[in-house]
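Novice: Given only the sequences and the hints, what does the whole structure look like? Please build it.
First to last, the protein sequences are chains W and H.
Residue numbers are given in the working numbering: position 58 of the first sequence equals residue 58, and the series is strictly consecutive.
Position in the second sequence (first residue = 1) + 1000 = the working numbering.
Heads up, a few of these hints could be off.
[Said to hold, decoys possible] Within a straight-line C-alpha distance of at most 25 angstroms, the following computed PhoX-like cross-link-like pairs (lysine-lysine) qualify:
(1) Lys-1016/H - Lys-55/W
(2) Lys-1018/H - Lys-50/W
(3) Lys-1079/H - Lys-1125/H
(4) Lys-1483/H - Lys-1428/H
(5) Lys-4/W - Lys-1016/H
(6) Lys-1034/H - Lys-1238/H
(7) Lys-1116/H - Lys-1154/H
(8) Lys-1210/H - Lys-50/W
(9) Lys-1034/H - Lys-1180/H
(10) Lys-1018/H - Lys-1235/H
(11) Lys-1210/H - Lys-65/W
(12) Lys-1210/H - Lys-55/W
(13) Lys-1522/H - Lys-1554/H
(14) Lys-50/W - Lys-1016/H
[Said to hold, decoys possible] Far from chain W, by Cβ distances over 10 angstroms, these chain H residues were calculated:
(15) Tyr-1176
(16) Lys-1180
(17) Ile-1252
(18) Gln-1466
What the hints contain is simulated information worked out from the structure, not anything from laboratory work.
C-beta: ideal position from N, C-alpha, C; glycine also.
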Amino acid sequence: MEEKIYNALNEIFQDIFDDDEIVVEASTTSDDIEDWDSLEHINLVVAIEKRFGLKFSMVEVNGMKDVGEMVEIIKARGTTI
Amino acid sequence: MRELEYPFDNDLILQKKKSFRRELMKDGSVRIKKNIAILGGSTTALVAQILDLFLLNAGIEATFYESEYNQFYEDACFKNPELESFGADVFYIHTSIHNINYWPSINDSPEEVLAKEDKVFNFFKDVWENLEQTKAVIIQNNFEMPTWRLLGNKDATDIHGRVHFVSRLNERFAEYAERKENLFIHDVNYLSACAGLEQWCDSFYWNMYKYCPQVSLMPNLCFSVANIIKSIYGKNKKALVLDLDNTLWGGIIGDDGPENVKVGAESSEAETFLEFQQYVKAQKDIGILLNIDSKNEYENALTGLNLERGALKPEDFLCIKANWEPKDRNLLAIAEELNLGVDSFVFVDDNPAERHIVREQVMGVSVPELTGPEEYIHIIDKSGFFEVTNLSKDDTKRNEMYKANMEREQAQSAFENYEDYLLSLEMKADIQAFGTETIPRISQLTNKSNQFNLTTLRCSVTDIEQMAQSKDWITLYGRLEDKFGDNGVVAVEAAELLPAPENPERREAHIRLNLMSCRVLKRDLEFAMLDELVEKAKDNHVETIIGYYYPTKKNSMVANLYTVLGFEEKEDRWELSVNNYQKQCKVISINNK
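Specialist: As C-alpha cells, then:
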C-alpha cells in the first residue's frame, strides 16, 4: 500500500519538477528539492488530489511538513490507488 | 499538440506542463515572437505557464512579464521602468470579482450605487487609458458572477444586489471596449458559467493561494485568452472542410437514398443535423470558407445539399469534392484551389479512420475529435478555431470574393488546345527504378489503384522488394510535379524479362505492373513511362515489350491503352518492337532532361 503511494508520488514529483531522477521518501521536504517553492507546492497538491481522488483541507495543506505526512493523510483517507 | 486541443485534459496539462513545453520547443515549428505582460489582480504564475503552452501550439512564442501580486493598477498607472523596457505587445489584465473595491450597501440611494459603479469602472478605465498610450493590445477580463447572493434571486434585479452590480459593470466594460480598437474583453463571465461558477470560484484556492479561477480550471482560462491573441495575430483558421454522410446529415445518401437521410424536423436526429447545418451556415456569414470533402458520387452529394429540409445549399460551398479519392488528397486540392495553407483548415468528419488519415497525411490541419452529432457544434465552437476579434465587411463577403476569384481562374484556364494546357502545367517527372524509399508507396499503389491498372496485380512490400533486387525485372516508378506542387509517386511499371520462345538467346519484357493514380490522369504520364521503359529495355537487350490487359469491373478506362501507346494487338496480348520506337511524351520534362 505504502509502496504504491510512493510510486504514484514519485511520478507526480517527476512530472511537476520535470526531473526523472526525483525519488521521494518520508523525510523529503521542500529543502531537498530545489524548485519546490510555494507555487510548485500548489501544483503538487492539486496533482496529488487528482491522482488519489481526494481533497486536502486548508489545515492539512498548511500542516504538511514532509512527504511522510502527506502519505499519512492519503492513507488515512482509505484512498484507492 | 493533440493534448492542447479542445477537449483537453486539464489535469494532464497541469501535471505535464514542463515536458509539454520542451516537446513544443523542439518540434521545429516557425513561430512569431510576442511580449506579453500579465497584469494580475490575483496570482498569475500558472496563467503565464499555461498560456505559454497554448500560444506555442498556435505558433506564437511569448516572453512574459508578470506584475507583482495584485499590482495591475500600479503597473499600468505609475511609471515602472521594468515594464516599460519590456515593451509589451499585449497586456492581459487578469482580474476577477475580488478586484472590485466598492460594493453597494442595502441602504445606498440610487445615486450612491451609481457613484460606486462609476468608481469601479473608472478605476479600470484608468488602467486602460494609461496602457492605450503604448499602442499595445489590451485584453481585459470581465467579471464572473458573485458566488453568494444576499437577496437571492432579487440580487439580479435590485440595484443593491451584487449580481446586478456586476452585470452593470460587465455591460459598461463591453460598451467601452466596442468603441476601442485595441481593447478586447475576455469573457470570464461566460467561461465561468460553462465551467460552473462554484468550481471557478472555489474559495479554497482563493484563500490559500489567491488563485482565481481555481488551479484545475486554469487551462480553460488560458486557452480562451490564447484564442484572442492568436486571432489578433492572424493565426485563426479560415476554412471548414466537411464530410457529408453522418456529418451534415444522418445516414448514407448513396445507400439510404435522399428521402431517408436524416436532416430537418422529422426526428430528434434529423433536428440535430439541421442545427449543425444552421451552425455551419452561420460560420459562412462571418467569413469562414465552406468546403466539402466526401466519399460520394458527386450527383448524390448535390442531391443531399439540395434537400429542401436542410439549411445548407451547394452555393454555400466553394469546393465540393465528392469522389472516391483519399480525403487527404481532396483536402490538399482544396487548399490549392483556395490558395491557402493547410494550417488554415479545419477538417470535420464523423469517421475516426478518415480523421486519422487526414491528421497523419496533412501536417498542420486541425482535426477535432467528434463524438455523436449532438456534440458537433459544441466541440467546434469551443475549439476557438474562428475566434472573432474584428469583424469587417470583407469577412461577411469573403465567400463571394473567393467564388469570383475561382471563376476568374477557371476562365483563364481555357486554353486553345489541350497540349497547351499540359505545357502550361510545367510538369516534371522523375522516373526511376524502384528504390528503398519509394517501395511502401509503390506497394500501396498496387493495392489501391483500380481504374488505371492494367493487371490489378496486388503486391506486398516484400514482392516489390524482390522485383527491385532482381536482374530479371525492369522496374519504374514515376513521380510527377507540376507548377502547383508535387503529386508524389503516382505511376508504377514493372516488366519481367523472359527468354523469347522462338529464340532463347533473346529476351522479352512482359509488363506485369502498369498502373497510375487517378490524380494524374490525362497528363500524358503514361507516354513518359513508356518512353523510359523502352530505354531500359534497350539497355537490357530486349527487342519486344509485351503488354497485358486483364479486365475488371473498374478498369475499363485502360482497355485500349496499349493500342493508344502504339502496341500491336495479338491474341491475348499487345506487342511493341523497341527498335523503331520514337519518344511520345512531349509535355513532361523527364529526369531533368
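Novice: Is the Cα-Cα distance between Lys-1210/H and Lys-55/W 25 angstroms or less?
Specialist: Judged against 25 angstroms, a Cα distance of about 18 angstroms means the pair holds.
Novice: Keeping to a limit of 25 angstroms between CA atoms, is the pair of Lys-1210/H and Lys-50/W held or broken?
Specialist: holds, 20 angstroms
Novice: What's the verdict on Lys-1079/H and Lys-1125/H, does the C-alpha distance respect the 25 angstroms limit or exceed it?
Specialist: holds, 17 angstroms
Novice: Taking 10 angstroms as the cut and beta carbons as the points, is Gln-1466/H off the interface with chain W?
Specialist: holds, 45 angstroms
Novice: Quick one, are Lys-1018/H and Lys-50/W close enough, alpha carbons at most 25 angstroms?
Specialist: Distance ~18 angstroms between Lys-1018/H and Lys-50/W Cα, so the pair holds.
Novice: Is the hinted pair Lys-1210/H and Lys-65/W satisfied, with a Cα-Cα distance of at most 25 angstroms?
Specialist: holds, 21 angstroms
Novice: Holds or violated: are the alpha carbons of Lys-1483/H and Lys-1428/H at most 25 angstroms from each other?
Specialist: Between Lys-1483/H and Lys-1428/H the Cα gap is close to 9 angstroms, so the pair holds against 25 angstroms.
Novice: Given the proposed pairing of Lys-4/W with Lys-1016/H, does the C-alpha separation stay at or below 25 angstroms?
Specialist: holds, 21 angstroms
Novice: Given the proposed pairing of Lys-1018/H with Lys-1235/H, does the C-alpha separation stay at or below 25 angstroms?
Specialist: holds, 24 angstroms
Novice: Does the alpha-carbon distance linking Lys-1034/H and Lys-1238/H stay inside the 25 angstroms limit?
Specialist: holds, 22 angstroms
Novice: Mind checking the alpha carbons of Lys-1016/H and Lys-55/W for me, to see if they're no more than 25 angstroms apart?
Specialist: holds, 20 angstroms
Novice: Given the hinted pair Lys-1522/H and Lys-1554/H, is their Cα-Cα distance within 25 angstroms?
Specialist: holds, 17 angstroms
In this structure, every one of the numbered hints holds.
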